[in-house]
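Q: Spelled out from the first residue to the last, the chains are:
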Amino acid sequence: MQEKGQISALQMGIMMFPFMLAINFLVYPTIAAQYAGNDFWLVGFFHFLFGSVIIYILTKLHKLYPHQTLSEYSEKIIGKFPAKLLMFLYLFYFLHSLGASIRQYAEFVTGTFLFRTPILLILISIVLLAAITVRCGVEVIARSATILVPLFVIPLTMLILLLPDLHIKHVMPILSHGIIPVVKATQWWIGNFIVIAYLLPYLSNPESGRKASMFTLTAVVVTGTYINLLCLMLLGPDTSVKIYPVHVLFRYVSFANFFENMEALLLVMWVVGCFIRVAVFYYVASVSLAQWLNLENYRSFVFPLGLLIVVFSLWDFPDVSAMGVFFRTAYPFEQLLTGLVIPLFLLLIALLRRKKPEQVSVNETNH
Amino acid sequence: MTIRRTSRYFDRHVKQQRPSHHKQDEQSRAEIPHDTELTDRLDENVGTIGNIYSSCSDVIYRHFVIAGSIRAVMIYIEGITDTNGIEQFVIAPLLKAEQSEDFRPDQLLQQTLSVAEGKAVSRFSQCIDYLSRGYAILLLEHEASGLALGMAKWEKRALEEPAAEVGIRGPREGFTETLRVNTSMLRRIIKSPRLKLETLQLGEYTQTSIVLAYIEGIAEASLVEEVRSRLCRIEIDGILESGYIEELIEDSPYSPFPQLLNTERPDVTSACLLEGRVAILVEGTPFVLVAPVTMFTMLQAAEDYYQRFWISTITRWLRYFFSIASLTLPAVYVAVLTFHQEMIPGSLLISMAASREAVPFPAFIEALMMEVSFEALREAGVRLPKQVGAAISIVGALVIGQAAVQAGLVSAPMVIVVAITGISSFMIPRYFAGTALRMLRFPLIILASTLGLLGLILGIIAIVVHMCTLRSFGVPYLSSSSTPIWSEFKDTIFRAPWWMMDTRPSLTGTTNYTRQSPNQRPEQDRGEQ
Numbered sequence: 001m002q003e004k005g006q007i008s009a010l011q012m013g014i015m016m017f018p019f020m021l022a023i024n025f026l027v028y029p030t031i032a033a034q035y036a037g038n039d040f041w042l043v044g045f046f047h048f049l050f051g052s053v054i055i056y057i058l059t060k061l062h063k064l065y066p067h068q069t070l071s072e073y074s075e076k077i078i079g080k081f082p083a084k085l086l087m088f089l090y091l092f093y094f095l096h097s098l099g100a101s102i103r104q105y106a107e108f109v110t111g112t113f114l115f116r117t118p119i120l121l122i123l124i125s126i127v128l129l130a131a132i133t134v135r136c137g138v139e140v141i142a143r144s145a146t147i148l149v150p151l152f153v154i155p156l157t158m159l160i161l162l163l164p165d166l167h168i169k170h171v172m173p174i175l176s177h178g179i180i181p182v183v184k185a186t187q188w189w190i191g192n193f194i195v196i197a198y199l200l201p202y203l204s205n206p207e208s209g210r211k212a213s214m215f216t217l218t219a220v221v222v223t224g225t226y227i228n229l230l231c232l233m234l235l236g237p238d239t240s241v242k243i244y245p246v247h248v249l250f251r252y253v254s255f256a257n258f259f260e261n262m263e264a265l266l267l268v269m270w271v272v273g274c275f276i277r278v279a280v281f282y283y284v285a286s287v288s289l290a291q292w293l294n295l296e297n298y299r300s301f302v303f304p305l306g307l308l309i310v311v312f313s314l315w316d317f318p319d320v321s322a323m324g325v326f327f328r329t330a331y332p333f334e335q336l337l338t339g340l341v342i343p344l345f346l347l348l349i350a351l352l353r354r355k356k357p358e359q360v361s362v363n364e365t366n367h
Numbered sequence: 001m002t003i004r005r006t007s008r009y010f011d012r013h014v015k016q017q018r019p020s021h022h023k024q025d026e027q028s029r030a031e032i033p034h035d036t037e038l039t040d041r042l043d044e045n046v047g048t049i050g051n052i053y054s055s056c057s058d059v060i061y062r063h064f065v066i067a068g069s070i071r072a073v074m075i076y077i078e079g080i081t082d083t084n085g086i087e088q089f090v091i092a093p094l095l096k097a098e099q100s101e102d103f104r105p106d107q108l109l110q111q112t113l114s115v116a117e118g119k120a121v122s123r124f125s126q127c128i129d130y131l132s133r134g135y136a137i138l139l140l141e142h143e144a145s146g147l148a149l150g151m152a153k154w155e156k157r158a159l160e161e162p163a164a165e166v167g168i169r170g171p172r173e174g175f176t177e178t179l180r181v182n183t184s185m186l187r188r189i190i191k192s193p194r195l196k197l198e199t200l201q202l203g204e205y206t207q208t209s210i211v212l213a214y215i216e217g218i219a220e221a222s223l224v225e226e227v228r229s230r231l232c233r234i235e236i237d238g239i240l241e242s243g244y245i246e247e248l249i250e251d252s253p254y255s256p257f258p259q260l261l262n263t264e265r266p267d268v269t270s271a272c273l274l275e276g277r278v279a280i281l282v283e284g285t286p287f288v289l290v291a292p293v294t295m296f297t298m299l300q301a302a303e304d305y306y307q308r309f310w311i312s313t314i315t316r317w318l319r320y321f322f323s324i325a326s327l328t329l330p331a332v333y334v335a336v337l338t339f340h341q342e343m344i345p346g347s348l349l350i351s352m353a354a355s356r357e358a359v360p361f362p363a364f365i366e367a368l369m370m371e372v373s374f375e376a377l378r379e380a381g382v383r384l385p386k387q388v389g390a391a392i393s394i395v396g397a398l399v400i401g402q403a404a405v406q407a408g409l410v411s412a413p414m415v416i417v418v419a420i421t422g423i424s425s426f427m428i429p430r431y432f433a434g435t436a437l438r439m440l441r442f443p444l445i446i447l448a449s450t451l452g453l454l455g456l457i458l459g460i461i462a463i464v465v466h467m468c469t470l471r472s473f474g475v476p477y478l479s480s481s482s483t484p485i486w487s488e489f490k491d492t493i494f495r496a497p498w499w500m501m502d503t504r505p506s507l508t509g510t511t512n513y514t515r516q517s518p519n520q521r522p523e524q525d526r527g528e529q
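Chains as they are written, first to last, in the UniProt record's numbering: chain A, 1 to 367; chain H, 1 to 529.
Calculated from the structure, these hints are not laboratory results.
Yeah, the Cβ is synthetic: ideal placement off N, Cα and C, and Gly gets one too.
Do not rely on the hints blindly, as some may be mistaken.
To be verified - To be clear about the criterion: a stretch of chain H counts as covered by chain A if any three or more of its residues have a C-beta under 8 Å from a C-beta of chain A, and this derived list gives those stretches:
| no. | stretch |
| --- | --- |
| 1 | 329-342 |
| 2 | 442-453 |
| 3 | 458-465 |
Can you build the whole structure from these sequences, using the hints too?
A: Next up, the structure:
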């Protein structure tokens with residue numbers, strides 16, 4: 001075990017909510033709209049479907065190997081050497097996702113609020129803050145996430161003030177191009193749920209892990225659909241050409257001559273959400289690195305890893321448009337692989353090994 | 001359970017065994033025959049005590065002769081011993097005693113002396129111990145043991161209303177500087193013999209008495225043990241106030257937030273004891289420490305529990321809102337004015353711009369200037385003698401308010417912001433928790449002026465993370481909000497009516513979780529059934 005701290009299932013659920021939504025709510029309506037036109041608000045259905053499959057796989061694996069993280073039980077399932085290779089892939093994936101997350105975070109901040117601030121300052125400030133939090137352990141991450149979540153949720157509820165400006169006609173006609181564009185628009189960011197494989201072992205009530213995750217998934221899907229519908233009903237077909245449609249939504253609010261120009265609220269929820277996302281991802285990356293190296297404590301890695309994350313964020317993409325291309329084309333496959341395919345294979349092998357303990361070697365070569 | 005156990009530190013006998021912290025001390029103490037037995041020669045005994053108390057003009061030696069034959073000496077320290085009592089109840093009966101009586105110390109105590117408390121002493125160290133606590137020592141010729149007579153009496157302050165925690169409803173008496181008066185006040189409120197008051201002496205020179213108070217069966221045994229062991233670890237020259245102890249036993253010594261509650265009110269202390277907390281009373285100060293506490297304890301006033309629960313709940317929300325305001329308001333103002341002018345509605349923006357037109361400073365400098373001078377005024381207000389108080393308040397109000405605005409040095413909105421911030425920080429019932437928040441707004445102002453709202457939020461996140469790492473004797477500082485437990489909200493976010501508060505707080509009171517019998521909600525027809 002990497003640490004003694006324990007969190008409750010409810011805390012994990014609360015923590016996962018901004019973790020899942022933080023970057024995605026701002027960027028994905030655009031990409032989804034580019035694929036599915038006026039049907040992109042239906043992606044929530046597929047998110048829920050695939051999210052439940054992922055949660056089922058990960059909680060099942062956790063039940064088979066309690067008190068172990070993905071890094072630990074993959075060694076038990078497919079053997080030491082293949083597991084190390086696989087976990088290197090995951091480590092790389094975590095670092096890459098972290099880099100992408102903070103880059104998106106910083107691009108939004110410098111692109112809409114602090115135009116002349118060097119991007120490196122924005123990147124380093126959030127990584128430093130997250131690093132300090134990660135060093136304090138999963139308990140502190142969960143507790144601060146629980147306290148900060150209202151700052152993430154309240155600005156979203158303020159979007160209700162857009163109600164007079166919404167046009168239901170943008171939603172029609174429903175599914176005029178069939179279901180395939182919606183599947184394409186799904187984008188698979190729900191695959192980020194893989195991080196619960198590193199949080200479930202620290203639950204004080206592991207039996208509620210699945211319930212809490214499903215609760216979070218439902219909340220994420222409902223909130224995602226809410227944002228998508230708002231974008232669609234306000235902006236209509238224009239959603240696909242805006243870089244940050246939610247930003248437009250916040251700017252558009254004008255109510256009672258007082259609630260106007262609320263993009264500062266978006267900044268609040270953006271920073272808070274990204275902080276929680278980065279902290280959780282960062283924690284998972286540190287733990288997986290420590291377990292990859294068979295070390296007892298992840299804490300000494302945290303700051304060096306932070307340096308790597310900042311570098312990754314700059315290496316990942318030369319500019320915003322390259323980032324957009326990546327998220328439209330490569331990202332879904334990356335998510336599909338790490339979030340669904342590999343855990344599914346691990347579960348299948350684990351179940352086969354459980355049933356036929358004598359055929360262990362055959363299963364390993366199969367993989 | 002989250003009580004962190006460090007019982008490896010715990011050792012009941014640490015106090016007796018602990019090494020002295022000054023080497024010199026040990027040498028000087030070796031010269032004094034501290035731990036030798038009394039001899040049966042009176043002159044030698046008196047000489048030894050005289051040597052120990054050399055150049056101590058307050059030690060009085062009263063020589064007299066009992067029944068015309070036995071020489072005796074009465075030793076006491078003037079001012080902390082009841083001289084009248086000694087004359088009346090000790091010296092007078094002894095002088096009048098008949099020759100035939102038995103004059104061994106234990107017999108004297110039984111037959112002659114009308115003193116409530118008396119103990120036989122046989123070592124010099126005991127004599128000195130008792131003398132310094134106000135006892136009178138009686139030594140007799142040809143006896144290798146003396147008597148320590150409980151005649152302690154010194155000047156005490158009368159019970160007054162606590163100055164730092166005032167309320168409209170509720171008891172008006174506060175603790176005083178005398179330890180025994182304070183413990184008696186607790187005992188008067190909690191009469192159960194389960195209220196335990198453990199005494200220990202701390203401080204190499206002051207030998208300050210410290211009482212560890214808890215209710216057996218409600219306070220968790222491991223918590224009491226932890227507090228006791230942390231107290232026993234203290235090695236210090238002297239303890240003059242409970243603040244010394246607070247800094248020596250808290251969990252995170254570098255944090256700006258107080259991790260122990262200090263209170264002057266016996267009712268607050270008793271309420272905490274009944275919730276399973278532990279109180280530390282210190283001789284010489286009216287401030288009692290209570291542990292463990294959470295941030296919400298700091299935001300609860302005694303009066304919350306005495307007035308109607310609706311009013312208390314709404315007052316609490318007001319308090320929470322303004323304690324956040326006291327931390328962030330000036331920073332928000334600076335951030336909005338410097339970076340996010342578009343947030344302000346148009347008409348308000350125009351009037352604010354008009355008032356800032358003549359101000360030569362950027363908002364950051366303006367805010368810093370005003371906040372620092374407000375802090376200076378507050379500090380001066382605490383320190384200044386009462387006679388010049390009026391002068392400061394007039395000068396302060398004029399300089400900070402009217403004149404500064406008229407001179408065009410600061411804008412009127414800034415004065416309003418600073419005033420609201422200042423007042424809202426005083427809404428926090430615990431003065432020192434309010435101070436922590438007030439000091440933390442300076443880094444926030446700096447962050448807000450450099451990175452705008454982004455810096456402000458990063459700063460707030462940093463403060464939240466820091467508070468999440470804090471623990472007070474194993475209890476997370478933000479416990480009931482950071483680990484959502486619904487039953488906890490009854491006394492944090494709300495103040496539930498008393499008939500609903502059936503359980504103690506789950507982080508301190510699990511040993512004896514039920515506080516009262518359920519279903520006590522009063523109903524009109526209950527009497528008829």
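Q: If a hint holds in the structure, say so; if it does not, say that too.
A: Hint check:
1. 329-342: Holds: 4 residues of the stretch 329-342 of chain H have a Cβ under 8 Å from chain A.
2. 442-453: holds (count 3)
3. 458-465: holds (count 5)
Consistency note: the structure conflicts with none of the earlier hints.
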